[in-house]
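Keeping the supplied structure of chain S fixed, place chains L and Y upon it in accordance with the hints.
Chains as they are written, first to last, in this note's numbering: chain S, 1 to 293; chain L, 294 to 614; chain Y, 615 to 1172.
Partial list, derived from the structure: chain Y residues whose beta carbon lies under 7 Å from chain L:
1) I669
2) G721
3) L756
4) K757
5) V852
6) Q1087
Since the hints were made in silico from the structure, they are not lab data.
Positions of the beta carbon are idealized from the N, C-alpha and C atoms, including for glycine.
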Amino acid sequence: MYAFFPGCVSRGGCPELYPSAVSVCQRFNIELVELTGASCTGAGVLQEKNQLLGDTLNARTFAMAEDMDLPIMTICSTCQGVMSQANKRLTSDPEYLSKVNTYLAEEGLEYRGTTTIKHLLWILVEDVGLSTVKSQIKRPLNGLRIAPFYGCYIVRPSDALDLQDNPERETSLETIITALGAEVVDFEGKARCCGFPLLTINEKNSVSMVAKHTSEVKDLGADAMVTPCPLCHLNLDGYQPAASQQSESDIDLPIIHLPQLLGLAMGEDPKELGLQKHIVSTKPLLDKINLAA
Amino acid sequence: MDTSLAIKRFDPEAENAKPYWQEFSLNLEQSATVLDALIMIREEIDGSLALRCSCRSAICGSCAMRVNGKAVLACKTRIENVSDNSRPISIEPAGIMPVIKDLVVDMDLFWNKVKEITPWLETEGVEPKEEYIASNESMVNLASVMNCIMCGACVSDCTVLEVDPAFIGPAALAKAYRFVGDPRDSKNKERLEVLDQYSGIWDCTRCMECVEVCPKDVAPMDRIMELREKAIQTGFNKTTGAKHAEAFTKIIEHSGSLDELKLPIKTFGILNMPLNMLPVGLRAAAKGKMPPVIHPSIPEVEKVKRIFDKFEEEEIENQEE
Amino acid sequence: MPEHDVLVIGGGLAGMRAGISAHKAGVDVAIISKVHPVRSHSNAAQGGINAALTIRGDDWTDHAFDTIKGSDYLADQNAVEVMCREAGGEIISLEHMGVIFNRDEEGRLGTRSFGGQRKARTFFVADITGQAILQVMYEQLLKSQVAVYEEWFVTSLIVDDGECNGIIALDIRNGQLHVIKAKAVILCGGGLGRVFEPSTNALIVTGDAMALAYQAGAPLMDMEMVQYHPTTLKGSGVLITEGARGEGAYLLNKNGDRFMEKYAPSMMELASRDVVSRSEQTEINEGMGIDGCVLLDCTHLDKKLITERLSQIHEIGIDFAGIDITKEPIPIKPGMHYIMGGIKTDIHGQTSVTGLYAAGECACVSVHGGNRLGANSLLDTIVFGKRSGESAAEHVLNKKLKTPHKKYLQQETERLKLLVNRQDSKDRVSAIRRDMGITMDEHLGVFRTTDGMNKGVSNLSKLQQRYTQVSIQDKGKIFNTDLIFALELGFMLESAETIVKSALHRKESRGAHYYLDHPNRDDTNWLKHVLITKTAEGPKLSTVPVVITDWQPEERKY
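One chain only, chain S, in its complex shape:
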């Protein structure tokens, strides 16, 4: 059982993510209690203006989960990363934690530093276990070539994400892809940046990053790219047409969310998974699995 933190984008700009995540969790009997009163993590942007404020908002969320005695589950790399970094700062300096708690006192909340935060990706590999994942496969993805794209916030910085103690997290996407029967398309940029944070500030560079990673993967013959971060998805999918234009080449690489990949392997209906809502058509991918509506 987990305190579910869906994040803002999974019901905003990527509305296909929330229902597919919930559906996948049901399949694995992952019980979810949604943290409806929790605020946005700040996404690193709010932290630019005031890091203490960001840490306070996140401490509030952690305290809420702590009171429920549940670990937090995220479905967004950015939520995962921002929360992990905040948690590290809060739990490594008792004076800092006390200071933050003074802002939470009015609401009757106090964070004691025991909350853990885990992305669905890690939960599947570490808590649910691969054999359980495999047991739910109804439509093995054999013959599919899928490239992993992590999203910066779930791979850096390594100490906040406990990667030294859990090195398998660094290849967790590949692990899931393989477990579902598909072939991993490894590429240099899999842990690099999608460019999303730069979108409003330097669109050219942001789009260049999209072009670089999607073209590289396309050239390697991948059928799709899977990502555990909806912000990455917004850029890699939403700005792929702009990337094609900027790089003067047709890319047409479907970008899918992690729960959608799982849902496909579990035998779910692509429409339920929201695969028709993508900017870059997922039809070629679904054709390959003989699923195109």
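Structure of chains L and Y alone, referenced to chain S:
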């Protein structure tokens, strides 16, 4: 301990000079570093292997290179920590900078960027007879940037430099913080004004590669964020980046979660929306991806607002002091 | 042909300081360095820089006495006076340049205790003082826009009729040899640590400047005075700063005893370096060590202090020895670290060759005599770097540039060509270097004997023979480090010979030169510097008296 290394070599004097991989098998001590291995190759197998190295103790910054795709200092990287029995350890020159030979890169690009930020202290007025008074706290605060040994690891792996060589880069920006954060420097405003412009502090994509690879805990990205905070505080709040951060914060204050429609509107102002956002928005709408026009606030959003209020009250108090 | 008024060889602290000061004096100056300036070995100095701030009631004559006593009375007292008198002003000057020195509660420059000094007058930046000052000096260099020939290797000095007119250097990036004309040359090329194996020194510290001056006919002085730093890591020889002991760390033998009680009951761990190194070596030789080491214990120190003031050595312990110094003691041993000797200069940095100056570790004024106090080296580079810059600038005022005869470049080109084209020998430059290092460590170590040193002489002679035959693998022009190492080895072998010959000549024990066959200090016969000069007939040894001003030699006890 038996190890195999694959080194990306380049001989500029060869006919049709092209980079190529060369494998080496070595028997090393348990505590050996990548540098120990490279020196062994150079001394006992192939004297033409070119690399820069000097202090062997992570203080001179000469030996930055990519090991298994990630920038490190060779002298500080233990072989046993980067070994994987399934394949040789890959060793390549640092990224971004052009390769002169083997593992030696041309660092002019790196140094030119540092030179761009006026990298010396600019004090004002007559120098005192004795030292400038400065708190130990302020000096310790600069310790992280002073730790920078100019090795180039951060530049090597910067994801923005990978697509845009005009970006001033993490090393130069961390160095800029060394001055902006120094109470004796009198040119804070002028420095921030320059850093606030194109290819400066707002062009960092916050990917944390530089924080991850820095061998001296300089955490350049954190320094860039501090520069952004200082820039906004100093009144440089007209850049898109500053307005974006401001808008985001206000939206969370108002609704507790992100209103994706409002964000670009508040960032740019409704009359200044970039035209190319229109086709993106239309495509999204066509696919049913448009966020709701009326964005629902989270339950008990007033509790969140109370926290913001407390911070605002404190800010006003601090300004009055 | 490039030309400058003043050419500085070496881009470390002394070199950059000299360059900036010559520039300020209004002459055209350039720095030539085989590595980028910030890669210079100055960056490895950790603990701090000494100065008596008279404004704060400290007395520079106190610092001078500590230095002279520390030198075992071999330092020239007029030179020590200059350095200690000017120190205070130089520290303030460094602070004004922007060095982020540690501060006390009032925001003023803070100090820590250091070896051999009765008062805390060591100014510091955590335990990265050398690096912190070097970075700031580089900032100032950029500001002054002094030109730097980066990654150029000086192969020889051009000296005609006893006057230095320039240099010949190899542009490492393209393998071209160039003559650079200059009215004055300042040698700031640092020490020669790599002559010994192991050493705390970086791989680039190969005695180039000393050998260049020696080959040009300038005498080297006190070359037998080699400092073994008390706390270096086993194996790699990486340095652990004296600052640790300055902050209160203990030295323990295998029984957990603070053995310095026996050897220096007053100053204990903060006695002068030669005394501490000999004490450690004695303990080790008598079986009181552990695996050839003794222990440095920082476990009782405040953790916050370690994080703030000793963070680099904390990292070094973890990265290079797998030990967290806050939790357990770290094994250390004496390791070759510094050479007090060097190119003989006067207090203005002038050598015996007209137009040739020297400053920093490669020079011997002498301010360090038989043993250097910790944190005096950084001071030396700043004070005498500045002074050499100024005096070189003055020297060139009415001087004309001379164009060297083209034979010099021709000869040098030939020499290098021969070396590169030599047929494949089974021997390697690295093997000769290692054998040299081991011989020097064994026979010119903390304790020396006539027998041992004679073996050293004969071994070095064999190594020099091997050197004339050794070949290199890389025959290319671009970034040929194989060639550079071979040239450096030539310099090292030359310097090594001067060390062992000087050591055999000084028939007494003084400072770091502990001669078991002559175990006592002999002021009657040996209150002198040993000079070694290269002549056509071979090295010539002579002596020159120590300059005494106010302090008569006394028995040296800590």
